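Sequence lines, in order, name chains R and X.
Quick note: the first sequence uses the working numbering, first residue 27, plus one each step.
Quick note: the second sequence uses the working numbering, first residue 189, plus one each step.
Honestly, I wouldn't trust all of these hints.
[Claimed, not checked] Below, computed lysine-lysine pairings styled on DSS-like, alpha-carbon distance capped at 30 Å:
(1) Lys333(X) / Lys135(R)
(2) Lys197(R) / Lys207(R)
(3) Lys131(R) / Lys201(R)
(4) Lys87(R) / Lys189(R)
(5) Lys207(R) / Lys131(R)
(6) Lys139(R) / Lys333(X)
(7) Lys201(R) / Lys371(X)
(8) Lys139(R) / Lys94(R)
(9) Lys87(R) / Lys135(R)
(10) Lys197(R) / Lys333(X)
(11) Lys333(X) / Lys131(R)
If you're looking for bench data, these hints aren't it; they were derived computationally from the structure.
In this text, all values refer to a predicted model and were calculated from it rather than measured experimentally.
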Amino acid sequence: MQARTIIAAITLAAVTAFGSGLATAADPDAATPDEVVSKVWAASRFLNEKGASGFAGFNSKDGPWVWKDSYVFVYDCRLDRMVAHPMRPDLVGRPLMQITDNNGKFIFKELCKAGEDPHGGWVEYLWTKPGAGGVSRKISYAKGADIAFSSGIQVAAGVYDDKASVADLTKLTEKMADPTKYPAH
Amino acid sequence: MTEQKIGNPAVVGLAGFGLTTMVLQFHNVGWMGIGPVIWLGLIFGGLAQMVAGMQEMKTGNNFGYCAFTAYGCFWIALALLLIGNHYNIYVSNKTDIGWFLVAWTGFTAILWVGSMRLNGALALTFTLLLIGFILLDLAHFGYPKLTVVAGYELMICAAMAWYIMAHLIFADVFGRDVLPVGKPWLDFTRIEPEQIVRTGVQEAEAGA
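Chain X with its partners taken away, still in its complex shape (with noise of 0.2 Å):
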């Protein structure tokens, strides 16, 4: 009996937030308004992309499943508390929205260094996410000016989401890999504390 093939939910996850993220520095850099962010964050970096997290869940990647399933609800959230505002309910002022995403800046920080032991491009890809979390901070705090930056800087963290996105489907289709992602940051190999007594008595035994 063949084993059934499965698919990778990453190829989903990767694909929401990087088309919402993109999506909302167009609108930040002012290309366009608020509106498709706003729906947009609800379907496909919202619903998809928690979906994709739910599915990481069976496949026993921890990273993926706590990635893709918070930063859906960081698109819900954001949708509804945007909604929320146009319906006068509990309306959130830019100082607020503010606060919203120095939480999210710190939850970032800590996936950023479990990313640094996966691939380079899923490390570069979390930098960039939390360098544009810092500048969007400060952006609502006292610097409006950065929200332009944070834009910029954003579109090329969607973009690197996107590669490790294309990454997998193109291993997929073409059978081999034609967008590598790079060897991890931090890159120490785990050694037993056994492994390392039996090792001292093997080059022991071989002094002798």
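The following block holds chain R by itself, in its conformation from the complex (with noise of 0.2 Å):
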């Protein structure tokens, strides 16, 4: 009887631990997936309300839109150019679809294009790691900003992950975007 106990203790310790995904198993003080989607939303909405007074929020490294090892960063997809990015100041009002990562990957036309999508977008590329020295493979969600007098403004924020897959965190975005068609039981 005890014997049972312990095997039925063990096996939901596993279930919990599977169930509860990479994130936590991980580095604590890596952001996770649905921290990256909770922030690119509200984020999305921020600027939905503020319009373009809302952008210089977006450079501060002590501000909302900073967490863990993560960040949002606004850029422009019609006009080409970095809107606000919180880690790499000499970008913002650079052009940006040129940009590629060490296996050629044009990193922002892919995001451009993921973000284009009601519910928004990932795309894996190589980034350098707030903190870390060389690149380290990134996932980032891309969602856009609907602003008034202005077009094509996207923002974006990511996971640094060498195993999380785009396919898994699309399911992720549509669970956390439509939760009625993913029932609980």
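Relying on the hints, combine the two individually framed chains into one complex.
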């Protein structure tokens, strides 16, 4: 009887650990995909409310758009320029479409394409992780921000993760966007 | 005693309307930020145009009185609205600004009808303005890409306002009409009822 209880407890612990995903198993200071999606949605809503006057807040390293090892950045896909970036002020106002990662991927062309979807989209590329040397694998979630007297603005943030796949994260986004399609039971 | 020459307030009103509209479109197509639009909106498109509108009252021009005063207020309201967004004073989101523009579209439609009785250039300016407002309305309600279309379209509108301004100024300084504004689009001569009766009597007498 006692042995069965122990087995049940171990099974439960294993299921809980597996169910909570990779993020909790990894570094607690690493941003999770759920956090990234929430932050990007919040940023998109914030800019919809505040308009162009909200851009400046995204250039601050100490603001609400920087957390753990991640941050939200704002860019204009129509005008091809970085609007705000808390970690790379050198990129602000610069053209983006020609930027490639070490694998030759046009990062912002892909982000702009992914962000056109009303639910947003994920893109995998190589980018410098804040505080770390060299480049890391980053998967970013991009979404449009609907602003008065403007078009083509998008916001994005990412996770530094070696395992997460775009397909899995897309499923997560769909679930967060429409929980009714994915009942809890 | 010679009568003192009085200037036409419309030259200032059209200048402020044209220039501020032009600068907002420079922003809408992406050539520049929103900063200059706010300050010009307060001073030139706003204050100067509104004062011009007030001065139109004494000339007896109800069209100019209403149009310049109202569009002056439009610019002041828009500039304050954007400043309010920055300082979190009654923040207006994109939909709020959309409805603000819808109301101005309705107002513009009324003046557009009136403009057709004045002259061709003014009728064209108001036609372009009305189309521009409709494009901006749609841009704020689901078709954001139309912001750019509205931008180029309203640049032509602003240039037309400057054309009428130039017509008035050049006619004054050159002493003749250098830039014609064309005939009204709606030009029906008003006939009084008594006139019709009188004409009928005259025709009857001539026939007798």
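Evaluated hints:
no.	hint	in the structure
1	Lys333(X) / Lys135(R)	holds, 18 Å
2	Lys197(R) / Lys207(R)	holds, 11 Å
3	Lys131(R) / Lys201(R)	holds, 28 Å
4	Lys87(R) / Lys189(R)	holds, 27 Å
5	Lys207(R) / Lys131(R)	violated, 33 Å
6	Lys139(R) / Lys333(X)	holds, 15 Å
7	Lys201(R) / Lys371(X)	violated, 62 Å
8	Lys139(R) / Lys94(R)	holds, 27 Å
9	Lys87(R) / Lys135(R)	holds, 25 Å
10	Lys197(R) / Lys333(X)	holds, 29 Å
11	Lys333(X) / Lys131(R)	holds, 27 Å
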